[in-house]
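Knowing the structure of chain A, use the given hints to seat chain B with the ligand on it.
The chain contents come next:
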Amino acid sequence: MVESEMDRSAEWFQEEVMELLPDLLGAARSMGTTGADSEDAVAEAVALAWERLDDLREKVRFRGWIFRILRNCCLGRIRKARSRPETVSLDKEGNEGSFSLFERLHQPFLLWWSNPEMTFLDALLEDDIRQALESLPEEYRTVVLLADVHEFRYAEIAEALDIPIGTVRSRLARGRSRMQEALWRHAVDRGLRKPRSTSGNNPT
Amino acid sequence: MTRNRRGREQIDCEEAVRRLAEYLDRELSQASRAEMEVHLQRCRDCFSRAEFERRLKARIRENLHTDQVPQAFHERMKTLVEGLGE
Ligand SMILES: [Zn+2]
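Chains as they are written, first to last, in my numbering: chain A, 1 to 204; chain B, 1 to 86.
Next up, chain A with everything else stripped away, as it sits in the complex (with noise of 0.2 angstroms):
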């Protein structure tokens, strides 16, 4: 590399780099690594992607680039401070998936102010929502994460999580739908909502 593009890339990566922190450092502690194992695993990544810099073939791809290399710094991590590596089971090709939240608060035939959907979200707590994407499988986790924290796009995860778009698109469904689940789940526990919420002149 000439010098003068040396020093034109070292700058542009400082910069992208600097931009993308606080995505890096939040998807290190969702991938399961916590503390200063987080820090530096954002450290080692952003390390090795300087290195393999002459690998990213063009720059708009740098985000799902750099992640997938934060995703494989944690991992090693994760195995190194868990003697025995955790299996997680996927979903078979089954129809889970399917748990929504709208279906179980609409009411079609209410009048127009009310809207228990609505009221729903906004009696949420950041906790329930933390926790609820935290109680996901880590592989619909971080697919969710990315997308709907980080705002990555399907390409970008895809390769961030060296999958299929297809199997992003599975994932997130799954990961959304097991989400809402949890949701409910904690609104019923909190009293929120009753386990049934139908019209509320159910026979007891």
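Be aware that a few hints might be false.
What the hints assert, rightly or not - Far from chain A by the CB rule (all over 12 angstroms, computed), these chain B residues:
hint	residue
1	11
2	31
3	37
4	41
5	42
6	65
7	68
8	74
As the list claims (entries may be wrong) - DEER-style ranges, computed between Cβ atoms:
hint	chain 1	residue 1	chain 2	residue 2	range
9	B	71	A	131	34 to 44 angstroms
10	A	166	B	71	20 to 30 angstroms
11	B	42	A	75	19 to 29 angstroms
12	B	45	A	170	23 to 33 angstroms
13	A	11	B	31	32 to 42 angstroms
14	B	71	A	130	16 to 26 angstroms
15	B	79	A	52	19 to 29 angstroms
16	A	122	B	33	26 to 36 angstroms
17	A	58	B	79	35 to 45 angstroms
18	B	55	A	4	46 to 56 angstroms
19	B	51	A	170	18 to 28 angstroms
20	B	65	A	107	27 to 37 angstroms
21	B	34	A	52	20 to 30 angstroms
22	B	31	A	48	35 to 45 angstroms
Worth flagging that the hints you see were computed from the coordinates, not collected in a lab.
Note that beta-carbon positions come from the ideal geometry of N, C-alpha and C, so glycine has one too.
Same frame as chain A, now just chain B with the ligand:
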């Protein structure tokens, strides 16, 4: 799907629900997105559903996304990237 007078495809509720996630994630093609928008303008049920999912997604980001990193870590990373390429 049926066609209206201008020959544009009209999608039904089932199809609208199927496309909803990709619509909110901005992953639909322009044509598919346009069909979705026509349906949402006409169907109150699907509109309410889309609004709910959109707001839930926004809540997740609002609650879980942070622009803050610990100051010491920020400094550490700044030093690290500034030392690259030297
Ligand atoms: Zn509809």
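Consistency of the hints with the structure:
1. The claim that residue 11 (chain B) is not at the interface with chain A holds, since no C-beta of that chain comes within 12 angstroms of its own (minimum 18 angstroms).
2. In this structure residue 31 (chain B) is separated from chain A by more than 12 angstroms, as the shortest Cβ-Cβ distance comes to about 18 angstroms.
3. Residue 37 (chain B), annotated as away from the interface, keeps every beta carbon of chain A farther than 12 angstroms; the closest lies near 19 angstroms.
4. Separation of residue 41 (chain B) from chain A is adequate, the least Cβ-Cβ distance of about 17 angstroms exceeding the 12 angstroms criterion.
5. Look at residue 42 (chain B): its CB is around 16 angstroms from the nearest CB on chain A, clear of 12 angstroms, so calling it non-interface holds up.
6. Listed as a non-interface residue, residue 65 (chain B) fails to keep its Cβ farther than 12 angstroms from every Cβ of chain A; the least gap is roughly 5 angstroms.
7. With a closest Cβ-Cβ approach of about 7 angstroms to chain A, residue 68 (chain B) is found to fall inside the 12 angstroms limit, against its non-interface label.
8. Non-interface status of residue 74 (chain B) relative to chain A is broken: a Cβ of that chain comes within 12 angstroms, the nearest being about 7 angstroms off.
9. Range check, residue 71 (chain B) to residue 131 (chain A): Cβ separation about 28 angstroms, and the 34 to 44 angstroms hint is violated.
10. Checked against the hint of 20 to 30 angstroms, the C-beta distance between residue 166 (chain A) and residue 71 (chain B) comes to roughly 42 angstroms, which is inconsistent with it.
11. At about 47 angstroms, the beta-carbon gap between residue 42 (chain B) and residue 75 (chain A) misses the expected band of 19 to 29 angstroms.
12. For residue 45 (chain B) and residue 170 (chain A), the Cβ-Cβ distance of about 25 angstroms falls inside the hinted range of 23 to 33 angstroms, so the restraint holds.
13. Distance hint check for residue 11 (chain A) and residue 31 (chain B): the Cβ-Cβ separation is about 40 angstroms, which falls inside the suggested range of 32 to 42 angstroms.
14. The supplied range of 16 to 26 angstroms is met by residue 71 (chain B) and residue 130 (chain A), whose beta-carbon atoms lie about 23 angstroms from each other.
15. Evaluation of the 19 to 29 angstroms hint for residue 79 (chain B) and residue 52 (chain A) yields a pass: the beta carbon distance comes to about 21 angstroms.
16. For the pair residue 122 (chain A) and residue 33 (chain B), the supplied restraint of 26 to 36 angstroms holds, since their beta-carbon distance comes to about 29 angstroms.
17. Look at residue 58 (chain A) against residue 79 (chain B): about 28 angstroms separates their beta carbons, and that is not inside 35 to 45 angstroms.
18. Residue 55 (chain B) and residue 4 (chain A) have their C-beta atoms about 49 angstroms apart, which keeps the hinted 46 to 56 angstroms range intact.
19. Distance hint check for residue 51 (chain B) and residue 170 (chain A): the Cβ-Cβ separation is about 25 angstroms, which falls inside the suggested range of 18 to 28 angstroms.
20. Distance hint check for residue 65 (chain B) and residue 107 (chain A): the Cβ-Cβ separation is about 31 angstroms, which falls inside the suggested range of 27 to 37 angstroms.
21. One distance hint, 20 to 30 angstroms for the beta-carbon pair residue 34 (chain B) and residue 52 (chain A), is violated here, with the actual separation near 41 angstroms.
22. Taking 35 to 45 angstroms as the suggested C-beta distance range, the pair residue 31 (chain B) and residue 48 (chain A) conforms, at roughly 41 angstroms.
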